[in-house]
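S.K.: Build out the structure end to end from the sequences listed, making use of the hints.
One-letter residues, chain by chain:
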Amino acid sequence: MVKNVLLLDSEGRRVAVKYYTDEWPTYSAKLAFERSISCKTQKTNARTEAEIVMFDDNVVVYKFIQDLHFFVTGGDCENELALATVLQGFSDAVTLLLRGNVDHGEALENLDAIFLCLDEIVDAGMILETVGNMIAGKVATHNLDDGAPLSEQTITQALATAREHLTRSLLR
Amino acid sequence: MSQYVKKDDDRDEEAEYSPFSGIEKGAVLQEARVFNDPQLDSRRCSQVITKLLYLLNQGDTFTKTEATEVFFSVTKLFQAKDIGLRRMVYLIIKELSPSADEVIIVTSSLMKDMNSKTDVYRANAIRVLCRITDGTLLTQIERYLKQAIVDKNHVVASAALVSGIHLLQTNPEIVKRWSNEVQEAVQSRAALVQFHALALLQQIRQNDRLAVSKLVTSLTKGSVRSPLAQCLLIRYTSQVIRESSMNNQTGDRPFYDYLEGCLRHKSEMVIFEAARAITELSGVTSRELTPAITVLQLFLSSSKPVLRFAAVRTLNKVAMTHPMAVTTCNIDMESLISDQNRSIATLAITTLLKTGNESGVDRLMKQITNFMSDIADEFKIVVVDAIRSLCLKFPLKFRTLMGFLSNILREEGGFEYKKAIVDSIVTIIREIPDAKESGLLHLCEFIEDCEFTYLSTQILHFLGIEGPKTSDPSKYIRYIYNRVILENATVRASAVSTLAKFGAMVDSLKPRIFVLLRRCLYDNDDEVRDRATLYLNTIGGDGSVFETNKDVKEFLFGSLDIPLANLETSLKNYEPSEEPFDIRSVSREVKSQPFAEKKAAAKKPTGLGAPPAPTSAVDTYDKLLLSIPEFSTFGQLFKSSAPVELTEAETEYAVNVVKHIFDRHVVFQYNCTNTIPEQLLEDVTIVVDASEAEEFEEVATKPLKSLPYDTPGQTFVAFEKPEGVPAVGKFSNMLRFIVKEVDPSTGEAEEDGVEDEYQLEEFEVVAADYMLKVGVSNFRNAWESLGPDFERVDEYGLGPRESLKEAVSTVINLLGMQPCEGTEVVAANSRSHTCLLSGVYIGNVKVLVRLSFGVDSAKEVAMKLAVRSEDDAVSDAIHELVAN
Chain A
1 MVKNVLLLDS EGRRVAVKYY TDEWPTYSAK LAFERSISCK TQKTNARTEA EIVMFDDNVV
61 VYKFIQDLHF FVTGGDCENE LALATVLQGF SDAVTLLLRG NVDHGEALEN LDAIFLCLDE
121 IVDAGMILET VGNMIAGKVA THNLDDGAPL SEQTITQALA TAREHLTRSL LR
Chain B
1001 MSQYVKKDDD RDEEAEYSPF SGIEKGAVLQ EARVFNDPQL DSRRCSQVIT KLLYLLNQGD
1061 TFTKTEATEV FFSVTKLFQA KDIGLRRMVY LIIKELSPSA DEVIIVTSSL MKDMNSKTDV
1121 YRANAIRVLC RITDGTLLTQ IERYLKQAIV DKNHVVASAA LVSGIHLLQT NPEIVKRWSN
1181 EVQEAVQSRA ALVQFHALAL LQQIRQNDRL AVSKLVTSLT KGSVRSPLAQ CLLIRYTSQV
1241 IRESSMNNQT GDRPFYDYLE GCLRHKSEMV IFEAARAITE LSGVTSRELT PAITVLQLFL
1301 SSSKPVLRFA AVRTLNKVAM THPMAVTTCN IDMESLISDQ NRSIATLAIT TLLKTGNESG
1361 VDRLMKQITN FMSDIADEFK IVVVDAIRSL CLKFPLKFRT LMGFLSNILR EEGGFEYKKA
1421 IVDSIVTIIR EIPDAKESGL LHLCEFIEDC EFTYLSTQIL HFLGIEGPKT SDPSKYIRYI
1481 YNRVILENAT VRASAVSTLA KFGAMVDSLK PRIFVLLRRC LYDNDDEVRD RATLYLNTIG
1541 GDGSVFETNK DVKEFLFGSL DIPLANLETS LKNYEPSEEP FDIRSVSREV KSQPFAEKKA
1601 AAKKPTGLGA PPAPTSAVDT YDKLLLSIPE FSTFGQLFKS SAPVELTEAE TEYAVNVVKH
1661 IFDRHVVFQY NCTNTIPEQL LEDVTIVVDA SEAEEFEEVA TKPLKSLPYD TPGQTFVAFE
1721 KPEGVPAVGK FSNMLRFIVK EVDPSTGEAE EDGVEDEYQL EEFEVVAADY MLKVGVSNFR
1781 NAWESLGPDF ERVDEYGLGP RESLKEAVST VINLLGMQPC EGTEVVAANS RSHTCLLSGV
1841 YIGNVKVLVR LSFGVDSAKE VAMKLAVRSE DDAVSDAIHE LVAN
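Chains A and B supply the protein sequences, listed in that same order. Position one of the first sequence corresponds to residue 1 (the working numbering), numbered consecutively onward. Position one of the second sequence corresponds to residue 1001 (the working numbering), numbered consecutively onward.
Treat the hints with caution; some may be incorrect.
To be verified - If you want a taste of the chain A side facing chain B, the calculated C-beta under 10 Å gives, among others: (1) 30; (2) 53; (3) 54; (4) 115.
Honestly, the hints are just simulated from the structure, not real lab data. The model shown is predicted, which means the values in this text are computed figures rather than measured ones. The beta carbon of each residue, even a glycine, is placed where N, CA and C say it ideally should be.
M.R.: Shown next as structure tokens:
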């Protein structure tokens, strides 16, 4: 059971979020959670490997790519590795959908894809799909008519470009 | 560094390019009109929906009319053939969560999509429809859903299954009819379909233990492909194990082999789930634990933080119950102290503190000292708590540990952290007499430079109680008087009180204290001056040094036994007049029962040799009982039982009883709650029939004046019994009261009431009520020191028993004693067991019991009972308990 999936910017502001429980009933409760989790993880280095933290009896796994921060929250007794798999799937799919340009601006440009992505990963707390390119694949088929460049490439190609982008940005 | 610079650049760009900068709800709602265009621009429509979703995501809300309007125009978009747009339509419909009458409008479109040729449409239409549908509609689409579950497209199947899981909450009877299809889906080749089907199937059969057990049996043999499904299966398996272990005495634990097999799975997720499941098995043996600990140990050195965290967290939990099993990981744990991830490091430290032996404490503390400086307060608190329990475990090491605590007390830290340290030091001082002097000095030094008023006052209060009892009380005076000079008014006032306590207790200090107190008369704060005047008068500041009398001590050290709320109302009602305010006029009836006992039970120090310190639960009750004049002559409260429920749950009146045992009396405290809002109960009493309790004689009752709705109240009945004798008996009870109707709108009760009665269940006073559970840390030593003078040994046949475990726990409950050194746990399928118990019997007699059990093939249990105590008669009494 996943409690929420968050995509925040480097200052803890929302890019796209999805909550699956009533644990944070109001908008301000949600915001407060996001702010504090962002604050707490700010100084950590979650770029190469996903990191993890206990927070108010919840387990939060997170990963940072450029100025985008990915979070997945689960309950106290949740299998940490399952949450990490969801996180991995989410960040992989976003990487693919943004064609390797994983940053805040690009994410906003393709917000529709991000929303669809969230929708495909978890349905009301139940994990739907965890494999990054499956998720991206599902989202991408919907955008076929968009004439987006993604349709011209196969998923494998996209993954390759993404990887290339990533290494380049790391080398810079 | 370059990365930081880059990030900033990004930020600037993004601020310029954000497609949503300056977005405004009104404008977007205007834009939404494009949905109504005869020529749909699907690209444009998608963008507008994205904007709407963005607004919702950023916390904007639509009014009812706005939402309805958007919803209606969105439904028009079903005409468009664009897949991307359709996806966005699904999304926004889910977000808008339309009302029932609106749902009808989209139903037909969604049903059409559900049967379309495009799988993408089908899967999503199912999810949307199930999300927004209600029971009546569900019956219409049930047929399609059942088909979808076994659809060969796995996305469609998953969508239907997941929807089924959600619908089970609202329409269980419908979803339960899908069992056959779900069962088929469990066999699916697609990994995730299997996962979803398994989850749904288990939930459908949740209440049928046998069916779940069958499901687990068949699946653990077969092949479950998806790691996620495998994890679920492990969970269900441990659930089955939990439920079956009650009636399993033969041989091995069922399914253990399956769990152990999962430890060799190729997916780490499954390995971990299995390892954790094994560690959580009830009454797990060390043989069963070993393979799980081994894989967790491997995980400790993984490169992935998540894996390390998961492993160390699980081991930390294991360390609470089986510290020895985890010691093998100590070396890996120690290397984790320097882990980048501070959560991992903290868990590693606390695990080490739990598993460490006495000799390793010093080394460990050195490592922790370096570590403390670079973790956040919340982690430090966890460490401090762990150190406190370590100190109580190894009292001999208190110097090292106390030194460590005082060091960290001096360092920077927030309030919660400092409070945790101070609390720990106070606990250690209370529990380890040798630590008192040094501990108090540490606290004194701390208040010399303490920025937290609350902590200063707490420490001063504590110092006032403990300080005068030390060998050289005078050395504390300086610290206390410094507070009077340097601190704010609140701290000054409590420093004055502390000084007075020293003065009252230590006669040699009196003249000097008087000098100091007189100086306080010139303080610029009223409270400080008032206190100084008061104390000077009560302990005799007129220069004469005389023995402080009892009343004064009572006044200085006794606690206020009147509920503060009551005092406050009485003071407010008091009008200045000739007649002075009389504190005795304040009602002592506690409005709501202070349920401190729960906390106390959790905190109850176990494994401490010390004299039978009254637990705070007893303290609370003690005060409560002493405040009732009828019972104040009964003397020291010996034991209060846990509450026994006398009513079923959810009845009109909820009543439970707490049995208070005194030397010559027994007081029953009935906690009553009235759960009917329209009623006010008055003159509530309990009529107790003690005809089956011959040795008891009713001496007093204390009725409850009024019992309003939902406010717990107490009524008491006291019995006399022969002194020191553990009299037993059965009591039946009747709740008698006058009921008055209450007008729910005004809350006012009617004038006239009707007398009524309510039958309660009966309860017993049993021998165990006369036994205090007090543990000892080293049973062997305690046993030797009691000596064989009053030892009584005898053998008993307990007849055929369900299991050895059951026999052991029956005897423990019968005696009501504290099991020591974890001997209450019976190893599975063992043929004999030794159980060590300790307790304090009525009359404050220390009792130790050594029980040896043996069981033969016919499940006949034999028991050898050896009792040692400080009193011959008590040893015999224990035997009598068992013999009866």
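S.K.: So which hints don't hold here, by number, going up?
M.R.: Nothing - there is no hint that the structure violates, so all of them hold.
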